[in-house]
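As you go down the protein sequences, you meet chains E and S in turn.
Going by this note's numbering, the first residue of the first sequence is number 1, and it counts up by one from there.
Going by this note's numbering, the first residue of the second sequence is number 1, and it counts up by one from there.
Worth flagging that the hints you see were computed from the coordinates, not collected in a lab.
Be a bit skeptical, because a hint or two may be false.
Each pair may be met inside one copy or between any two copies, as identical chains are not told apart.
Under the rule of at most 30 Å between Cα atoms (straight-line distance), these lysine-lysine pairs were calculated in the DSBU-like manner [claimed, not checked]:
id : residue 1 : residue 2
1  : K33       : K98
2  : K183      : K63
3  : K98       : K26
4  : K231      : K259
Quantities reported herein were computed from a predicted structural model and do not represent experimental measurements.
There are 2 protein chains.
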Amino acid sequence: MGLDPRMDKEEQIPQHLVEAYDDPNKIITEFNKILIEKTCDLLPIIKPQMAFYEKYDALKALKATIKFAHKKDLLVILDSKRNDIGPTSEAYAYSTFKVYGADACTLNAYLGIDGIRPYLENYRENGLFILVKTSNPSSRDFQNLFSARLDEIPDSKTEIEKKSIKLERSYIHMARLVQIWSKNLQKFSEFHNLGVVVGATYPHELKIIRKIVKNSFILIPGYGAQGAQAKDIKNGFNEKGLGGIVNSSRGIMFAYKKKNYPPENFGKAAREEILDMNEKINKELGI
Amino acid sequence: MGLDPRMDKEEQIPQHLVEAYDDPNKIITEFNKILIEKTCDLLPIIKPQMAFYEKYDALKALKATIKFAHKKDLLVILDSKRNDIGPTSEAYAYSTFKVYGADACTLNAYLGIDGIRPYLENYRENGLFILVKTSNPSSRDFQNLFSARLDEIPDSKTEIEKKSIKLERSYIHMARLVQIWSKNLQKFSEFHNLGVVVGATYPHELKIIRKIVKNSFILIPGYGAQGAQAKDIKNGFNEKGLGGIVNSSRGIMFAYKKKNYPPENFGKAAREEILDMNEKINKELGI
Numbered sequence: 001m002g003l004d005p006r007m008d009k010e011e012q013i014p015q016h017l018v019e020a021y022d023d024p025n026k027i028i029t030e031f032n033k034i035l036i037e038k039t040c041d042l043l044p045i046i047k048p049q050m051a052f053y054e055k056y057d058a059l060k061a062l063k064a065t066i067k068f069a070h071k072k073d074l075l076v077i078l079d080s081k082r083n084d085i086g087p088t089s090e091a092y093a094y095s096t097f098k099v100y101g102a103d104a105c106t107l108n109a110y111l112g113i114d115g116i117r118p119y120l121e122n123y124r125e126n127g128l129f130i131l132v133k134t135s136n137p138s139s140r141d142f143q144n145l146f147s148a149r150l151d152e153i154p155d156s157k158t159e160i161e162k163k164s165i166k167l168e169r170s171y172i173h174m175a176r177l178v179q180i181w182s183k184n185l186q187k188f189s190e191f192h193n194l195g196v197v198v199g200a201t202y203p204h205e206l207k208i209i210r211k212i213v214k215n216s217f218i219l220i221p222g223y224g225a226q227g228a229q230a231k232d233i234k235n236g237f238n239e240k241g242l243g244g245i246v247n248s249s250r251g252i253m254f255a256y257k258k259k260n261y262p263p264e265n266f267g268k269a270a271r272e273e274i275l276d277m278n279e280k281i282n283k284e285l286g287i
Numbered sequence: 001m002g003l004d005p006r007m008d009k010e011e012q013i014p015q016h017l018v019e020a021y022d023d024p025n026k027i028i029t030e031f032n033k034i035l036i037e038k039t040c041d042l043l044p045i046i047k048p049q050m051a052f053y054e055k056y057d058a059l060k061a062l063k064a065t066i067k068f069a070h071k072k073d074l075l076v077i078l079d080s081k082r083n084d085i086g087p088t089s090e091a092y093a094y095s096t097f098k099v100y101g102a103d104a105c106t107l108n109a110y111l112g113i114d115g116i117r118p119y120l121e122n123y124r125e126n127g128l129f130i131l132v133k134t135s136n137p138s139s140r141d142f143q144n145l146f147s148a149r150l151d152e153i154p155d156s157k158t159e160i161e162k163k164s165i166k167l168e169r170s171y172i173h174m175a176r177l178v179q180i181w182s183k184n185l186q187k188f189s190e191f192h193n194l195g196v197v198v199g200a201t202y203p204h205e206l207k208i209i210r211k212i213v214k215n216s217f218i219l220i221p222g223y224g225a226q227g228a229q230a231k232d233i234k235n236g237f238n239e240k241g242l243g244g245i246v247n248s249s250r251g252i253m254f255a256y257k258k259k260n261y262p263p264e265n266f267g268k269a270a271r272e273e274i275l276d277m278n279e280k281i282n283k284e285l286g287i
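Just chain E, same shape as in the assembly:
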């Protein structure tokens, strides 16, 4: 369940909560706690989206939410897509795992291994999810370039031909980098702690990436509000039906709107939405 609190658009925290407290930290914490309380027996992980906690200057709510989730035996993936290098990357890792208390986070690896190494070396118990193919339409702008690795700059078309290069989409190279970086990582059961993010809106790409990063968890956002359905995420799981982490945020948090429930019943609506989601996904996976 993604926890992306919103207070200013159509999809928002119910008015009775907004009016009950005057502090965004309290409003968001209360909203999240009720959602977790109502659903924690049905799901393994929550994924708070950092941007919304920053928007409302509500990092206290983020910390309180993570603490409460841990009490309920849930794991927490902080969706922050951080990226930097060396000591700065280390500072982000520290804030993610030590200040906010998350168990895992999402990362953008455009900067290469320099930005990932501090996490891999100093936080071996924590999980990482590298953006490979994101769920949005314009992910093609950059992620779908045709690319190749070469040792030197080719100075003619002939030279390119001589090297008989194989062009592949950029996101595939990103998946291969993850596979290379994870070679010496310890596995728990068959998975290690370096995962990837692939949008549920791209089932074809999910299939390709699942084959490259066999021992990575794939975090699959885009289910529900972004339009992806249970059949779309099947390719993110392995043949045993393992390795996929499907996320829905707005679809669960604001399910009361779609169901035309009174806002006070947002927790009940979220629970029903998750039950429906679980049933549909399990059916697709043949569980």
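Given chain E, put chain S in place with the hints provided.
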């Protein structure tokens, strides 16, 4: 001047400040204020690195620093390298410009235009700097792939040849995307508000990118502590000697160590370092 407060390594905030206050917010604010006070007549912009304020749970210090910089007529680039899509991207933009109060920020555009559009459409007075070629050694991992845009997946080498593609490094494609995205932006003098980031450690790449994004400011980190010198950044400026924003963080903040000054004189050391940096850069630019 980059403001990346550190309190736990060799390069750190002087001990007398750490001991004078027990709250990281106060320690960092005081350190930054003295640095700004001592140098504000010599520089146009400060660049706080978000990661360190998060690490010390010191967002109050970030806000206080930005406020103080504005009092001294400085602009502020928040180095946060945020990236996401749609309403989430909008939430990051809001926190950057409205909650923290920065004038500009750095962005990672791996996700394509979806992640940049909310900034361009809703914050036209603010500046953006898209990561193109980052200063670190492993930026080659992904940014230096050879890439091409094609309309369809080629299913054979022959088909690739037929299309007579031109392969270029991925970072060049990123620069071209910035150029495409900035086509309709309003220019102030000859520059618009969509800039790029190119590390001072890559002078060859700076030259290539300067030609592609003619009307973009180039934020050039890596001067000083990361090893780049004045001659390396020359290529980031245009023929009039404009358009480059050279950043040094540790080299200025912790100049007192290199100069063997008593820690109390960190402000004086920073000022001297900037004077030296300005002189060297102006000499290279023939100013």
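Here's how the hints hold up against the structure:
Taking identical chains as interchangeable, the C-alpha atoms of K33 and K98 lie at most 30 Å apart whether they share a chain (21 Å) or sit on different chains (27 Å). In the homo-oligomer, the alpha carbons of K183 and K63 never lie at most 30 Å apart, since the shortest distance is 33 Å inside one protomer and 42 Å across protomers. For a Cα distance limit of 30 Å, the shortest separation of K98 from K26 qualifies both inside one copy, at 22 Å, and across copies, at 21 Å. Taking the shortest alpha-carbon separations for K231 and K259, only the intra-copy value of 22 Å comes in at or below 30 Å, while the best inter-copy value is 64 Å.
The earlier numbered hint that this structure contradicts is number 2, and it is the only one.
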